[in-house]
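A.B. asks: For this one, chain P is given, so just place chains X, U, A, F and H with the ligands on it according to the hints.
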Amino acid sequence: MFKRITASLAGLLVLGLVYTLPAWAEEAAKAPKINSLDTIWVLITAYLVFFMQPGFAMVEAGLTRAKNACNILAKNLLDFCVASILFFLVGYGLMFGEGNSFIGLSGFGLSGLKSTNLPIWASWMFQAVFCGTAATIISGAMAERTKFTSYLVATALMTGIVYPIIGHWTWGGGWLSKMGFFDFAGSTIVHGTGGWAALMGTIFLGPRIGRYGPDGKSKVIAGHNISLAMLGVFILWFGWFGFNPGSQLAASGTDNANAIALITINTNLAAAAGAVVAMFTVWAMFGKPDLTMCMNGALAGLVAITAPCAVVSPGAAILIGAIGGLIVVLGVTLLDKIHVDDPVGAIPVHAFNGMWGTISVGIWGQKALGLANNGLLHGGGFQQLGIQILGTVSCALFAIVCMGIVFGLVKAILGLRVSKEEEIRGLDIEEHGMEAYADFQIFTTR
Amino acid sequence: MFKRITASLAGLLVLGLVYTLPAWAEEAAKAPKINSLDTIWVLITAYLVFFMQPGFAMVEAGLTRAKNACNILAKNLLDFCVASILFFLVGYGLMFGEGNSFIGLSGFGLSGLKSTNLPIWASWMFQAVFCGTAATIISGAMAERTKFTSYLVATALMTGIVYPIIGHWTWGGGWLSKMGFFDFAGSTIVHGTGGWAALMGTIFLGPRIGRYGPDGKSKVIAGHNISLAMLGVFILWFGWFGFNPGSQLAASGTDNANAIALITINTNLAAAAGAVVAMFTVWAMFGKPDLTMCMNGALAGLVAITAPCAVVSPGAAILIGAIGGLIVVLGVTLLDKIHVDDPVGAIPVHAFNGMWGTISVGIWGQKALGLANNGLLHGGGFQQLGIQILGTVSCALFAIVCMGIVFGLVKAILGLRVSKEEEIRGLDIEEHGMEAYADFQIFTTR
Amino acid sequence: MFKRITASLAGLLVLGLVYTLPAWAEEAAKAPKINSLDTIWVLITAYLVFFMQPGFAMVEAGLTRAKNACNILAKNLLDFCVASILFFLVGYGLMFGEGNSFIGLSGFGLSGLKSTNLPIWASWMFQAVFCGTAATIISGAMAERTKFTSYLVATALMTGIVYPIIGHWTWGGGWLSKMGFFDFAGSTIVHGTGGWAALMGTIFLGPRIGRYGPDGKSKVIAGHNISLAMLGVFILWFGWFGFNPGSQLAASGTDNANAIALITINTNLAAAAGAVVAMFTVWAMFGKPDLTMCMNGALAGLVAITAPCAVVSPGAAILIGAIGGLIVVLGVTLLDKIHVDDPVGAIPVHAFNGMWGTISVGIWGQKALGLANNGLLHGGGFQQLGIQILGTVSCALFAIVCMGIVFGLVKAILGLRVSKEEEIRGLDIEEHGMEAYADFQIFTTR
Amino acid sequence: MKLIIAYVKPEKLNDVKQALYEAQIFNMSVTNIVGSGRQRGFSETYRGVEEEVNLLKKVRLEIGVNDDFVEPAKKAIIKGARTGQIGDGVLFVLPVEEALRIRTGEGGPPAMG
Amino acid sequence: MKLIIAYVKPEKLNDVKQALYEAQIFNMSVTNIVGSGRQRGFSETYRGVEEEVNLLKKVRLEIGVNDDFVEPAKKAIIKGARTGQIGDGVLFVLPVEEALRIRTGEGGPPAMG
Amino acid sequence: MKLIIAYVKPEKLNDVKQALYEAQIFNMSVTNIVGSGRQRGFSETYRGVEEEVNLLKKVRLEIGVNDDFVEPAKKAIIKGARTGQIGDGVLFVLPVEEALRIRTGEGGPPAMG
Ligand SMILES: Nc1ncnc2c1ncn2[C@@H]1O[C@H](COP(=O)(O)OP(=O)(O)O)[C@@H](O)[C@H]1O
Ligand SMILES: Nc1ncnc2c1ncn2[C@@H]1O[C@H](COP(=O)(O)OP(=O)(O)O)[C@@H](O)[C@H]1O
Ligand SMILES: Nc1ncnc2c1ncn2[C@@H]1O[C@H](COP(=O)(O)OP(=O)(O)O)[C@@H](O)[C@H]1O
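Just so you know, the protein sequences line up as chains P, X, U, A, F and H, in that order. Going by our numbering, the residue at position 287 of the first sequence is 287; the numbering climbs one at a time, nothing skipped. Every number in our numbering is 446 more than the matching position in the second sequence, counting from 1. Every number in our numbering is 892 more than the matching position in the third sequence, counting from 1. Every number in our numbering is 1338 more than the matching position in the fourth sequence, counting from 1. Every number in our numbering is 1451 more than the matching position in the fifth sequence, counting from 1. Every number in our numbering is 1564 more than the matching position in the sixth sequence, counting from 1.
Just chain P, same shape as in the assembly (with noise of 0.2 Å):
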């Protein structure tokens, strides 16, 4: 297995080496219109971006059981140092590169790419990170079963070609963008795309073992660090504070400031709503304040105000992020009723919100904040609505259908899922042969 890995990895990293001299050649030369201050803006935001891997680290670890950390960690890890790699090699080109609406056909390696108000580097920086967090979604909600290897097939896969094909629709001028599609940070084409292939993941595997009675009834599987959850939670909320007011991607001049000020306090505030949301409708539904529910309901604002948080108003934001949160608990809910296991519900918080948050673009979303036309509420009618609807609509289905193939080829010759007795066992001893807290003693009686 590793050895095929290995020759085609330093088979790469030679390309590597060759496509970017020139690169660099171009570049070093001729840079105009380079302006430092929205360079740095793009280089501190995507610093915390990057910094949303361990959040989703921690979440996805502290809401699954102890014998399994070590591999959901190693996951984690390895899938964002595989998209960085593939990403520099292949997947900015196929997102940014010139091509045709459908997909992007050069800039392997970024060769023959220009710089824009920002190097070409700060550029390829912001999105790979933007890339590796489509990748880490998935993770979380195939935990506890997924073989190590078919895990990584699947992820470089992903991060290498479906989603910057995904991504260049919209952001690479493809044919959404010139529809009018709006997803300003992501709702649809970042966290879209990783919860729908999620989705598919999770169906290919089927659940956890215990995770539902023979009777049909659901068990808890309790998460064993909720610390590090929380821990997690917040880290990512840190990170968001990159990842929206950063896809400005910049920062001179007023009206580049009042952006980044006004996404900054809409980010904030539909992440409070959302918690807050969560925690009451978990409270009245099942008696107590489930803690994490309100972790997924902070989550679920971030994902869903992620599209539309450049062109609302903050009392817009309070209340796309609490409809998120209503969103989550219940996608929670219904995704157990029909036996879809994702044990750190990564599909509520990043499909369902993703959709709900690109919709909402089309309810409250205004002109005057740069859209192309009202939203429903602000008199546009029923035109951006639809447009979001159908943008929204087609990346899933393109996502789900590209991921159902993926991992349908993967299950077939890798296998997807470990032998019973590993999944009994951990993965942590069976894939990596060690354990995550060796000192501790560890109930493994589940």
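Take these hints with a grain of salt, some might be off.
To be verified - Taking lysine-lysine and the DSSO-like style, the derived pairs with C-alpha atoms no more than 30 Å apart in a straight line are:
hint, chain 1, residue 1, chain 2, residue 2
1, P, K367, X, K479
2, H, K1621, U, K1111
3, A, K1395, P, K420
4, H, K1621, U, K1312
5, H, K1621, X, K734
6, P, K33, P, K178
7, U, K1070, U, K925
8, U, K1109, H, K1643
No wet-lab data here; the hints were simulated from the structure.
C.D. replies: Showing chains X, U, A, F and H with the ligands alone in chain P's frame:
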């Protein structure tokens, strides 16, 4: 319970919408002298201050028992969420709106507020995370025995009303600012308010079961996760680089650049000195370098330097932090003697050192650095010192009285403390129906 | 013990005051060409570098045993605090003060130092966190058996004297800089110094009890919290975006913008490549993808790219990182063979890869990117390569000799290692009188 | 009055509990243990060092029963715990001289109602 | 020589220890266990799924005593552990054929001094 | 058939295991416990409050052996566990009325092969 709250919440959301559409309208229109560099500086530092939330959460969870971890984490998440929304709807207006020298009375939902060198949204965000900090301080001191709903109600009142009023006196152009009271980043306004509120809460609650033996001898109730607590302290220190330097509210131009650099070095040196002195103090007093005291020492240094950081020399910063480290160790011991049970040391860190830091302005403050008068050691005599004492004492008294009323009412109406059985079994199971460490074998003999 | 230290500390504080008042005076007066954009860039990146402290703390704590967690955390906190204060009073002067080409001899307490494009305070802060990093590297390699006081004394000497001297040679305008030695962000100066010091410390200490059987066969002493360690690695990676791009010490203008963007992408790609290659290497050598080795691989890539990040292409960065990932795995295995017990892999990561990264400048470095001469593969022949080897070797030797003396003296005077009983029971109880995980049932059979 | 001690695979605990309930045995105490027996362990490699782990995680049940419940209890445990694979564990029956319910102070058989 | 095994509520451990000390019994071993008895458990809801937890955290004491210490030991345990509420637990007395102090090798009663 | 219960210092577990293996005894169960005995504890100070910790971490071994293995087992445990310092622990031998291997259902001596 939650029914009523849900109802009011619904209302609140609608309001949110009403308020802010006009607010935005105005904004987008004119925003003359907005400075982009200042804006990204304030936004980025605001993000760092937000990140102090997980810092507090990890410190408070780590220094309390495993059986109450979910509860303290939930409090840290939700109080920030509630604070964000209330501070948007009400608090900011009370603090910075037009009004008298005691309270602001306009600008609710930010409507009608003008931008300065910063977009109004950016100013709000920076102030909002400060408000969240003040709120979160309380939870630590009241940990392991406070009812979840009662806690939320109390923080709502504090962040919605009490904190904004105190803030208005100095930062909102109120009577203290007119007197020349100087509290650069909020030793008194933020940390003092939080700390004194924590004191009142703790007194109204009484100590945890088993904290003091029948003979009155104190017993150890050790924190369950010192690694998390340590992480939290580092996160707080990191966040403080937003808290203090960000409070300059500008970065452009030589003077601002010099100021934020001086503030940064002072903040770092005070924290370092605080930790070192606390270590030697506890070492001398109790024979071993207790790590949790070193942590408190670093935080003490940070709180102490928060008021004077812009107007003292680095050497003075070292002294101020060092004395802070001494104060915190003595403070912890003192509170223990009088049976005020503060599991994490929030009161010595935030209340005592908030006061000390504010007073130290009158000792080492320098006119040349922008203070109204020189401090005592710089030949300015007792004038500034007197103002500082007056200011910090009045704020403390106001906080004590108001929060005394708040906690008194909450206690009378909802009850502040969980039942003996709940406290013994742990708040996680009783209040949230879950455990933080499901896979780990936990001692519940304490 | 602490009595003496307290005394000296008191003195130090007073000095602090004396020193810096004049220092400040000068400053506030004139600071002509200070650039605000550069200043906030350097300050923000300095904050990120500071944040590497918890990164190291979590990695080191996570990869060692629960019974020593408080101790390693305390070392990570206090060494930074001590380093901050000493680097302010003494270190910065030795490193950047006027002097000869071997050592600086003025500017103690920053008195008399001039501002550049940055306020002197900002320059100090950025250098101080680098110094702290060098200090913290040691604690990991010496973990689980080193006396707390002895460790503090050793780091004090290192950060106060040894590191500043090595730093002066290159960054302080000393003899290596005159020779054209290039170490952009400190593969040799920071990581090498820390790594070689760690090697000496580990040799003077000897391996942990039970690490090698009577037959000389190595035994597993697994880390107690892989989740924390993983978090730490992500934090370090995040902090490295301050470490490398920040070392440009400027951001304004097209060239600086291009540079920091290129540095960012190189840093990210090298880390990713390091992790991937380390994974495949350990997988091939030992049959399973050991997560702790992947972590070391990412760090290895980061350390390796630290010297060349500004003068190589992204393709080269991938190769440099990849080779780093290979080196670290082989390094860990080698040290294990020769019974140098480095619990966290600090020596392979920082010493070996620090050297590798510095040398790689002479291989892939490009004149067009600002290097004195082209590297080997760019037709520059062996000149730069030779200088790089000379530079990194001399720094290594100096560090080895000095720290050899330091550890020798400390061992002779204070003793370096705790007693057999303390080591078996754990340093937390013996040295700090506390446990890190009071509520958890811990195995102490190892 | 007897005390039955059984060591079973952790993942079989629920089945054993179920089987015991069906046999009208509701009182038991469960402990986390590690044990070695016929079943050989597995090998971990950590940072390049290989090690044979031969103490495996098991669960220990302790059930105090009146003499007439001994047989049903044994049957139930075997029913719940047996997989037929190595590592299923063993059970011991020990004599108990006296049993006492702390709350009531009542002793002897009824104690185990 | 007897071995007394007692299961008590975790929060009562200190009282039991105290009572035993007063009865001049200083040697004991304590284990964390989970147990089910008359006391019904509590229900957790996690992410919308409800579950009845019927194995409650208890503490298990093991005390090896000479025959003349059995009664005082029992009394002490009851004194320390009884709350009168369901869940107080039970105790068993088992016969011990031989006892040995590892350090000295001395056996029989004195072993438990 | 006997059940040997031994409490030893955690760090001696490996030596005891080794000694038992040499005595051809491969089956055992190990539990984490805390215990008090002759050995006095240590004092922790946490945030200025001092406390005497008198329950020390120990390891509990449970070994079911046929009568002819009792002596070798005792010897092995003492060999592995004795340091001569206070805290070495004690061992008890209890009678076992019946033993059963769950996988095979076979009982009596062979069960413990
Ligand atoms: N003689 C014994 N004394 C104490 N515990 C034992 C004994 N034999 C087995 N055990 C416990 O039972 C567990 C399973 O035993 P094992 O021999 O692996 O099962 P099997 O008999 O099905 O092969 C062991 O891990 C150990 O905990
Ligand atoms: N027959 C038994 N065998 C083993 N353990 C028992 C038995 N009966 C009770 N226990 C232990 O005692 C604990 C308390 O028992 P319970 O019946 O709830 O107390 P009470 O008798 O006061 O109602 C149980 O959780 C279990 O750990
Ligand atoms: N009578 C007893 N009953 C139960 N456990 C005991 C008894 N005596 C000793 N132990 C266990 O043995 C451990 C060591 O006992 P201790 O008296 O300290 O050793 P030593 O006899 O060598 O002084 C204790 O911590 C306790 O766990």
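A.B. asks: Output the indices of the hints that this structure fails to meet, ascending.
C.D. replies: none
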